[in-house]
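Enquirer: So the chains spell out like this:
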Amino acid sequence: MATDTSSQTESDRSPIPPVVWRLLSNRRVVIGLVFLVPMFVMAVLGETIAPHDPTNTNVQMRYDSPGGKFLLGTDHLGRDLLSRIIVGARTTLLIGFGSIALALAGGVPIGLAAGYAKGRTDELLMRLMDIVISIPTLLLGLLILAVLSSNVINVTLAIGIVYAPRIARVTRSATLSASEESYVMAAQARGESNTHILFREILPNVTSPIVVEGSVRVGYAIMIGTSLSFLGLGTGPPTPDWGFMIAEARDHIFQTPWFLVWPSLALLLTVMATNLIGDGLRDVLDPKETGDSR
Amino acid sequence: MNYVYLLKRLVYMLAAVLAVSSAVFAITTLVPGNVANYILGTGATEERVAQVEADLGLDRPVHVQYLDFVGGVLTLDFGESFVSGQPVSEMIWPRLIRTLQLAAVAMTISIVTAIPLGIVAAAKRDTIVDQLVTTTSYIGLSVPSFVSATLLLLLFTSPPLELFPRGGYVALKNGVIPWLHHLLLPAIAMNTVILAYVLRQTRSSMVETLESEYIRTARLKGVAESKVLFGHAFRNGLLPTVTVLALNFGWMMGAVVIIEEIFAYPGVGEMIIQAVDSRDLPVLQAAILVPTIAFIIANFVADIVYTLLDPRITLGE
Chain A
1 MATDTSSQTE SDRSPIPPVV WRLLSNRRVV IGLVFLVPMF VMAVLGETIA PHDPTNTNVQ
61 MRYDSPGGKF LLGTDHLGRD LLSRIIVGAR TTLLIGFGSI ALALAGGVPI GLAAGYAKGR
121 TDELLMRLMD IVISIPTLLL GLLILAVLSS NVINVTLAIG IVYAPRIARV TRSATLSASE
181 ESYVMAAQAR GESNTHILFR EILPNVTSPI VVEGSVRVGY AIMIGTSLSF LGLGTGPPTP
241 DWGFMIAEAR DHIFQTPWFL VWPSLALLLT VMATNLIGDG LRDVLDPKET GDSR
Chain B
295 MNYVYLLKRL VYMLAAVLAV SSAVFAITTL VPGNVANYIL GTGATEERVA QVEADLGLDR
355 PVHVQYLDFV GGVLTLDFGE SFVSGQPVSE MIWPRLIRTL QLAAVAMTIS IVTAIPLGIV
415 AAAKRDTIVD QLVTTTSYIG LSVPSFVSAT LLLLLFTSPP LELFPRGGYV ALKNGVIPWL
475 HHLLLPAIAM NTVILAYVLR QTRSSMVETL ESEYIRTARL KGVAESKVLF GHAFRNGLLP
535 TVTVLALNFG WMMGAVVIIE EIFAYPGVGE MIIQAVDSRD LPVLQAAILV PTIAFIIANF
595 VADIVYTLLD PRITLGE
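If you're matching them up, the sequences are chains A and B in order. Numbered per the working numbering, the first sequence spans residues 1 to 294. Numbered per the working numbering, the second sequence spans residues 295 to 611.
This is chain A alone, in the form it adopts within the complex:
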């Protein structure tokens, strides 16, 4: 097992190349990338590499088995499954990574402010975060989307709101100890502004736990995003989307099992790949941290 990361020392804060190298020699990260990079290529290139138009219906070719003109077969409307998987990667990854980016943008400043200010501000901000955390993730996502109309942006926003407090929590606990360091005192003595101290002095020193937390959450965010679109609260029919494909496939399973198999497999591999990378990042950047809470 990969226990070779324990020899890490405190000194490697700034140099980026050694970190990248250590990441690339981590087995989990490499396996994760092997699966995730093709997904990203599919998401970016989409229609240009799709063999067919993903929305083109063809009644004569419904429920086609894999291997013929359509490499992975067709669905109940005769649409090419491979093309729909390829283009659907975009929505899935956009929601997964986009929502975590939003959660970071919201959660990191809150966590920094709470951890640095301490006292009442800290108490108030963290109790607010606790409220959001105590609503089960999928329920909170559902509630927000029930009120907003569902489209890619709102789904991303809803999941971002779900995870921002969790990011804030991790940022805060790292900031609590970092703000006691001498370089922070020095900056205070120099009369630097709070913004400067938070984002220039403290933030660069608390990135590891934040990066780890964010990357671990991507897998969950993808699961929630596809779950919501499975429930019909996703992007809506014309855009191919893995969660909605699985929902549609349920009614046609006896005509073609492949309709269900391919998007499920694509989703499983993507979530597994992001989990592997997240755990690999934790091994390398933050080896002491073992558990995580939802």
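Hints were generated in silico from the structure; no laboratory data involved. For every residue, glycine included, the Cβ atom is placed at its ideal position computed from N, Cα and C. Treat each hint with caution, since some may be false.
If you want a taste of the chain B side facing chain A, the calculated C-beta under 7 Å gives, among others [said to hold, decoys possible]:
no., residue
1, V364
2, G366
3, I582
Take a look, some chain A residues computed to stay more than 10 Å from chain B by CB distance [to be verified]:
no., residue
4, L23
5, G46
6, T55
7, L94
8, T137
9, I197
10, G243
11, L260
Capping the alpha-carbon separation at 20 Å, the derived lysine to aspartate or glutamate pairs in EDC-like fashion look like this [as the list claims (entries may be wrong)]:
no., chain 1, residue 1, chain 2, residue 2
12, B, K302, A, D130
13, A, K118, A, E201
14, A, K118, A, E180
15, B, K302, A, E123
16, A, K118, A, E181
17, B, K467, B, E456
Place chain B on chain A using the hints.
Expert: Below, chain B without anything else, positioned relative to chain A:
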């Protein structure tokens, strides 16, 4: 002094209930696109909107509506359904009981399978057994419940292996076997992620415990390995799992939406989907709040259990 802690924790729990009610109120009432538009859909005339708002008391000042809502939650009165006119509390209780039964069976399955497997993996660390268990749980962690539920439904409810009914619910008073027969498949489906999660947590905390000083001492004293495992390590190693189980309860309260929809199980989760589809706001608010409050109570219970299991911890000072 333990009672002081208990009391404090109770007050905190009540505050949490108040807070989440406020959050649900805020999201449903203050978000752009107001309630009347939500009910009528976009493109409703202004007169219709005004009329609906008056009917529902939404033309009152926000703080009045808020106090009304939170007061309602505390007295377990969630108003009436926009669709059926029935009191929401009457609609929700039988469903909550069914959902809790599903969660209880799912939780039992995860406890009786994941904890022993986690202990075995920790005891046989770095052997083929450990790797097999760890890898399988890793895959399990990546399967969203709507995928596992759909696959299980296909495999075990249709002709070659027609072992379970396709869905629905049979009350416990009609016999344990039919009750469990209906519950088992949804409960298993709900478990893929949770089981893997509990297993990993159990394994890692047991590994940590097994490496600690007092275990080494016990081994050096020549205590039998099984006694080391179950007599010495078990209790401490399982403490974090208690917290994890409470967290998982929260996860389940979300997952029931998916599982109940797929298995046509008449619980709170199915109610949420119906409320979203029919834009039935009071039902939606209650159906989101009630499982959330259940989760808050579960955390409270977990805290108490934690202190009972570990006498070293005297929280609350």
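Enquirer: Looking at the structure, which of the earlier hints fail to hold?
Expert: 1, 2, 8, 10, 11 and 17
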